[in-house]
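Number of protein chains: 2
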Amino acid sequence: MDTNQSLGCRELIVSLEDRSYPIWIGSGLLPRLSALLLERGISNGSPLLLVSDEQVAKHHLATVQQALQEGGYNTVVHIVPSGESSKSLTHYEACMTTAIEAGLDRKSTVLALGGGVVGDLAGFVAATYMRGVKFIQLPTTILAHDSSVGGKVAVNHALAKNMIGAFHQPEAVIFDLETLHTLPIREVRAGLAEMIKHGLIWDEAFSDWCLEHADDLVALDQAKLAYGIYMGCNVKAQVVSKDEREQNLRAILNLGHTIGHALEAVGQYGELLHGEAISIGMVGSAELAVLLGEDSQLVTYTRRILEAFGLPTSIPSHYDTDAILSAMMHDKKFSGGRTTFVIPTAVGQVDIRHDISIELVRSVVDKLKGESA
Amino acid sequence: MDTNQSLGCRELIVSLEDRSYPIWIGSGLLPRLSALLLERGISNGSPLLLVSDEQVAKHHLATVQQALQEGGYNTVVHIVPSGESSKSLTHYEACMTTAIEAGLDRKSTVLALGGGVVGDLAGFVAATYMRGVKFIQLPTTILAHDSSVGGKVAVNHALAKNMIGAFHQPEAVIFDLETLHTLPIREVRAGLAEMIKHGLIWDEAFSDWCLEHADDLVALDQAKLAYGIYMGCNVKAQVVSKDEREQNLRAILNLGHTIGHALEAVGQYGELLHGEAISIGMVGSAELAVLLGEDSQLVTYTRRILEAFGLPTSIPSHYDTDAILSAMMHDKKFSGGRTTFVIPTAVGQVDIRHDISIELVRSVVDKLKGESA
Ligand SMILES: NC(=O)c1ccc[n+]([C@@H]2O[C@H](COP(=O)([O-])OP(=O)(O)OC[C@H]3O[C@@H](n4cnc5c(N)ncnc54)[C@H](O)[C@@H]3O)[C@@H](O)[C@H]2O)c1
Ligand SMILES: NC(=O)c1ccc[n+]([C@@H]2O[C@H](COP(=O)([O-])OP(=O)(O)OC[C@H]3O[C@@H](n4cnc5c(N)ncnc54)[C@H](O)[C@@H]3O)[C@@H](O)[C@H]2O)c1
Ligand SMILES: [Zn+2]
Ligand SMILES: [Zn+2]
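Just so you know, the sequences run in chain order Y and P. Everything in the first sequence is counted per full-length UniProt numbering, starting at 1 for the first residue and increasing by one. Everything in the second sequence is counted per full-length UniProt numbering, starting at 1 for the first residue and increasing by one.
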């Protein structure tokens, strides 16, 4: 059952025993926020902390505040600057100060209104305020269909991303697709890259569906988006339910990420968005697969679907191959010159290979650069 | 079975399903640390982070380092200043920096060598480094028999103590009683106050045993200490096993703490040690019990046992009653003028009462002050 009649939206239950929770996806959910919180047992007896960023707040804070006020919720708002730099211990401490000053107690709830940055920051606050309080995600980016499922929350350390964090599952993810209308188009496409990834690793039919409806999705057709985000969350939720603490299976979610992370680093985390970088990385994984003996149709298909969404499929020519490889070796351990890679074996299927040599990766990187020369 | 023959020490298993772990208590355990780590599956394949404070390091770091070196462990050491002010986000971040620079990975382990301050700080680092790594406690104070059991880890916020933290169970607590010989005598007595508390809330026979062996315990008789700490940990572990996430039963561990915390605050966290403050608080709880109709022998017994350990039983006369009451109201919610208190009903038994009026507490505070006039 993927719709909740009484709530009038799509519903997906993430099954994690006593930490199971629903993801609600639909248009116009934020104005009904109070009712949805009550549905999850969040009463107005204790103050709430709402964390958001400047861009998101400009467009959507008023709606949320009004909805909370109608429900009689006593809410304190903490706004951080937009962008990755807000995922820091400094902003984390500032959130804590706001929470303490507002008298949040152990029965309070932290709400994240925003993309992955706000979700990760506010989630880590929720995980550790008084040793853990309730947490609700209100995603406003397409990428956040990925980041809001799985319970990973974190801030960055000056020396490395996502180094400081916890696993903390939300009480609910409430995804109002209306908020996406104000999202910059580059962010839309980049977020869709993770949706495509979810098809490529797990579900050929969904992947084909994405390819077929690329234009509608980029144009934010609400019904198509509701289905696509539902399916994307569903793949992630299934993988996470089977491997909550990231022991093994969860690694398949990293398709395209080994090369992708290296490209983000070489571009100083400013040139390429995460989704753009993994788009190129997914082509790289397909190229690797073909070098390892898989059908060359894998590359053709991967390129076709990403291009349909206007996503990049080759490495910018000014990116230095050695710099990319050394960023990758910094990120991943190449022990004995070999490392782990997620490799497609068919559309909707991947394998985790531990024997990928640095030379093979180099030839793929060269290939991906050649295309853009 | 409370001894582990092959390890040659007392052993207590804290039962928490898949997070169960042993507490090993004995003399001369630190020189054998490598063998004990191996016993818990801590291999020397990944670097360790050892956190300690200046005082503790001066006396005991060399022993630990030599033991780890013999086991082939690659260890990075992070030393913080002694005292409560090291339980801060600033020192937490510095620990993280040390860990990242030393290349700690997800299979690494954090060790805490010290009292409750180092245990709480290092434990929070372990709980959140890369979303959680393994943690080992090496307690060096008597109080740490309390703080090292239960999985509560935290740092302080400038506005309030223990506000930022997590629940993170250790892989093992390795309590080498030899380290206690360098502990200042005031700290010895204060730590014993928590041991006495464990008798008073749970086990009359153990309480009587403490009273009988007060002098031996204060003199750090190793066999008596081993038994006392074993029994103290045992009470805490039983309570915690039944209520890991602090839903209800765990509240009984707060005997003496409502008044105690207020006294610490009024003394600006410098005049009274925590154990001294709760010593006075436990007398207060007994006085409250008598006002509520319990036998006055409760007060006599409570005073007698605390005095046998040289612990304070009355409020310093320069502490202002109103200041104490307002600190308490800041700490606890008096809703409708009533609050929750742990009240003894017999030696080894307590009740949680939610109907204690502020007037009743005031009369007890006055009584405790009168004694010191
Ligand atoms: N926790 C996880 O499992 C997980 C998974 C993937 C990514 N992440 C994290 O997510 C982060 C990236 O998330 P993101 O791409 O959502 O970035 P983001 O939160 O920074 O949002 C991207 C930009 O869009 C703006 N924005 C967001 N919603 C908007 C809206 N509706 N209208 C107008 N502007 C809007 C933001 O202000 C920001 O400038 C990274 O920090 C990454 O590490 C976490
Ligand atoms: N996590 C929990 O469940 C829990 C429970 C109770 C208390 N606590 C926390 O524990 C802390 C208090 O612990 P504590 O009383 O052990 O304080 P502590 O760690 O500060 O140690 C007390 C003093 O003794 C010194 N010291 C410690 N061991 C020594 C040794 N063997 N030789 C010489 N000097 C030594 C320390 O340097 C310090 O100056 C507080 O922060 C409190 O919040 C936590
Ligand atoms: Zn990603
Ligand atoms: Zn205490």
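Calculated directly from the structure, the hints in this document are not laboratory data. Remember, it's a predicted structure, so these values are computed and weren't measured experimentally. It cannot be assumed that every hint is accurate.
You can't tell identical chains apart in this list, so a pair holds if it fits in one copy or across any two.
[As the list claims (entries may be wrong)] Result set (PhoX-like, lysine-lysine): computed pairs, CA atoms no more than 20 Å apart in a straight line:
| # | residue 1 | residue 2 |
| --- | --- | --- |
| 1 | K242 | K369 |
| 2 | K161 | K107 |
| 3 | K161 | K333 |
| 4 | K332 | K161 |
| 5 | K333 | K107 |
| 6 | K58 | K224 |
| 7 | K224 | K107 |
| 8 | K242 | K58 |
| 9 | K107 | K332 |
| 10 | K369 | K333 |
| 11 | K369 | K58 |
| 12 | K367 | K161 |
| 13 | K367 | K242 |
| 14 | K367 | K58 |
| 15 | K367 | K333 |
| 16 | K224 | K332 |
| 17 | K224 | K242 |
Verification of the supplied hints:
1. K242 x K369: neither (37 Å within a copy, 59 Å between copies)
2. K161 x K107: For K161 and K107, only the inter-copy Cα distance (18 Å) is at most 20 Å; the intra-copy one is 30 Å.
3. K161 x K333: The answer is within: 16 Å in one copy meets 20 Å, while 40 Å across copies does not.
4. K332 x K161: For K332 and K161, only the intra-copy Cα distance (13 Å) is at most 20 Å; the inter-copy one is 38 Å.
5. K333 x K107: So K333 and K107 pass the 20 Å test across copies only (14 Å; inside, 42 Å).
6. K58 x K224: Close neither inside one copy (26 Å) nor across copies (65 Å); limit 20 Å.
7. K224 x K107: Neither. Shortest intra-copy (37 Å) and inter-copy (42 Å) distances fail the 20 Å Cα cut-off.
8. K242 x K58: neither (38 Å within a copy, 47 Å between copies)
9. K107 x K332: between (40 Å within a copy, 14 Å between copies)
10. K369 x K333: neither (23 Å within a copy, 64 Å between copies)
11. K369 x K58: neither (39 Å within a copy, 56 Å between copies)
12. K367 x K161: neither (28 Å within a copy, 56 Å between copies)
13. K367 x K242: Result: close neither inside a copy nor across copies, 35 Å intra and 59 Å inter.
14. K367 x K58: Intra 43 Å, inter 58 Å, cutoff 20 Å: neither.
15. K367 x K333: Neither. Shortest intra-copy (23 Å) and inter-copy (66 Å) distances fail the 20 Å Cα cut-off.
16. K224 x K332: For K224 and K332, the Cα distance exceeds 20 Å both inside one copy (37 Å) and across copies (51 Å).
17. K224 x K242: neither (27 Å within a copy, 48 Å between copies)
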